[in-house]
Amino acid sequence: MVSLLKSIINNVLRKPVTRCYPVERRNSFAGSRGHVEMDPSTCTFCGICARKCPANALTVSKEPRSWTLEPYKCIVCGYCADICPRKSISMNPNHGLPGGI
Amino acid sequence: MPGSKSIIPFGPQHPVFPEPLQLRLMLEDEKVVEALPAIGYVHRGIEKLAEKKEYTQNIFLVERICGICSFMHALAYCQGIEMLMNVTVPDRARYLRVIWSELHRLHSHLLWLGLLADSFGFESLFMQAWRSREAVLDIMEATTGGRIIISTCIVGGVRRDISEELMAEVLKTVDALERDLEIVRPVVFDDYSVKQRLVGTGRITSEQAYDLGSVGPVARACGIARDFRETGYAAYKEIKVTPITETGGDAYARARVRIREMYQSIDIVRQAVRDIPVGDIAVSARGNPEGEVISRVEQPRGEVIYYIKGDGTKNLERLRVRTPTFANMAPLLAMLPGCELANVPVIVLSIDPCISCTER
Amino acid sequence: MSLMNTAAVSLGSLLQEVADKHRKRYRFVTMTCTDIGDGYDILYHFDKDYELYNLRLYLKKGEELPSISSIFFAALLVENEIKDLFSIPIRDLVIDYGGRFLLTEDAPVAPMGREGCSRSIDIRLQGAPEEEDK
Ligand code: SF4
Ligand code: SF4
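Heads up: the sequence lines are chains A, B and C, in that order. Numbering-wise (my numbering), the first sequence opens with residue 1 and increments by one. Numbering-wise (my numbering), the second sequence opens with residue 1 and increments by one. Numbering-wise (my numbering), the third sequence opens with residue 1 and increments by one.
By construction, these hints were calculated from the structure, which means they are not laboratory data. Just to be clear, a hint being listed does not mean it is correct.
[Said to hold, decoys possible] Below, in silico cross-link-like pairs of lysine to aspartate or glutamate (EDC-like), each with a Cα-Cα straight-line distance of 16 Å or less: (1) C:LYS48 x B:GLU230; (2) B:LYS48 x C:GLU105; (3) C:LYS48 x B:ASP211; (4) A:LYS52 x B:GLU51.
[Said to hold, decoys possible] Anything over 10 Å on all C-beta distances counts as not near chain B; from chain C, calculated: (5) GLY12; (6) LEU59; (7) ALA74; (8) ASP92; (9) VAL109.
Just so it is clear, the structure is predicted and the values come from calculations on it, not from any experiment. The C-beta atom is built at its ideal place from N, Cα and C for all residues, glycine as well.
Okay, chain A solo, but in the shape it has when bound:
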């Protein structure tokens, strides 16, 4: 206990290392896997991403054209972004808000 006293006193006097979330937020790192984004203008609705998604979070249908992501199932691994032949999927570095508000 005594041996940590110096750092304890230092820590009390210095400004906190934590942030006052949600008022103050940390910026995401450039390559962060925040959330999945799909660009419908290039997607061919081939369904490869849906077949490869390890969490079964994607549902794609050609007719009618639809591409759905279940955010609660998605584990944000980014495999779909790697695998998409049209590079329609990208990982946005910003994290979504809880509950998708």
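We have chain A already, so just place chains B and C with the ligands on it with the hints.
The following block gives chains B and C with the ligands in isolation, referenced to the frame of chain A:
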């Protein structure tokens, strides 16, 4: 009544346990005479699910066996598949794997240090450790895109490269971490109250540790020099690792081993950043795994063993994982009898238990 | 690719072979059980100086497996696990959880067996129950 026996269910929800584990403790007054673990609260059937998923998807699955050693799970799995498919990983990828492995070891040991401090009520040490850990998580997010489950290992290499600027950041992080460690090292090594709680607690002999199959820091704290990195997987062929051992066999020795390993990891990271060759980071792997293989990797808690059996299709026939905590469970049962009830949390946390690993 | 250092054992000589490993100061690592249709492929892994040595046992369905936990105490956890997940009867366990080591009363029977997973697949296909406050 003196001398009478009582049974105390310790856990599964207990303030010091990060994960659900129940110990049925048979007590004689305050002394534990017998301990029996009851697990199964977080069994998720991952081994079965792995048979249903494609072998490439399994990487993301095995990473979730345990969040704390996730990269090393992926590494052990990918190395196994690579052996089956005869894939040679590019040199740069091998070094990147080492860098991320050691960053994982650092954050895992810091997490453990915090939890151990918490188990004997030393809150400021807990905060100090977790505060340092945050810096490691930040550098992991900056280099990989994920804080803990970094998902960078793939069959044939890695998914991301670390740029020159980020390499400098990695070095800066480990430098700062080394300074932080200088604050906590004397506390764990020499502090009177810490030593009062750790020295002699949960002692097992080297003979017991060997016989009960303990791995990782639990074995090394008994003087058994076993560290699977010595065999030279990934870039450990070039970066030599000497196992760090202590002889006490008690919670204090285990703590010392882990603290010293953090310094070792920092050195390994520095060496890897210095020596990393330029080149490709992945080769494409074609075909499907066929045959049986056992792949082993040294995780922060000890050695993990993957048994992989492929049948030439994209699904595996069997994936079996023996995690380090599973091996350290039997030594834990040998440590508990004879201790005071108040020392049970310290002893349990001194093996750095990971229950999600154990149950998969 | 096939496993290195693997020797086949029969049910009759299993305990002898394992005791032999113990005498020669091998460490018990773990066991692996695979359901191969008409029986089980059971591997006992031992380690010495970073080398793995395996004993391979073929166990017909319905046959009883003798426990090695009296030779290697550490084996009792994995034997209890196999007993749960494959419903293989194992005799002479040092501590017998009676099939309730990992599983509870209402759990599926032999979930790791070939057939035993039907229920867990159902859950996966149905998806998680709809959250009400979506
Ligand atoms: S893989 Fe790409 S192109 Fe195909 S459906 Fe998915 S997003 Fe669209
Ligand atoms: S990020 Fe991963 S889990 Fe999420 S949709 Fe893409 S592949 Fe599926």
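Hints, one by one, checked against the model:
1. C:LYS48 x B:GLU230: Cα-Cα ~14 Å, so holds.
2. B:LYS48 x C:GLU105: At roughly 20 Å apart (the allowed maximum being 16 Å), GLU105 (chain C) and LYS48 (chain B) break the hint.
3. C:LYS48 x B:ASP211: Holds. LYS48 (chain C) to ASP211 (chain B) sits at ~12 Å (cutoff 16 Å).
4. A:LYS52 x B:GLU51: 15 Å, holds
5. GLY12: 25 Å, holds
6. LEU59: Answer for LEU59 (chain C): holds, closest chain B Cβ roughly 15 Å.
7. ALA74: At about 4 Å from chain B, ALA74 (chain C) fails to clear the 10 Å cut-off, so the statement is violated.
8. ASP92: 17 Å, holds
9. VAL109: Holds, since 13 Å exceeds 10 Å.
Checked against the numbered hints given earlier, the structure breaks hints 2, 7 and satisfies all the rest.
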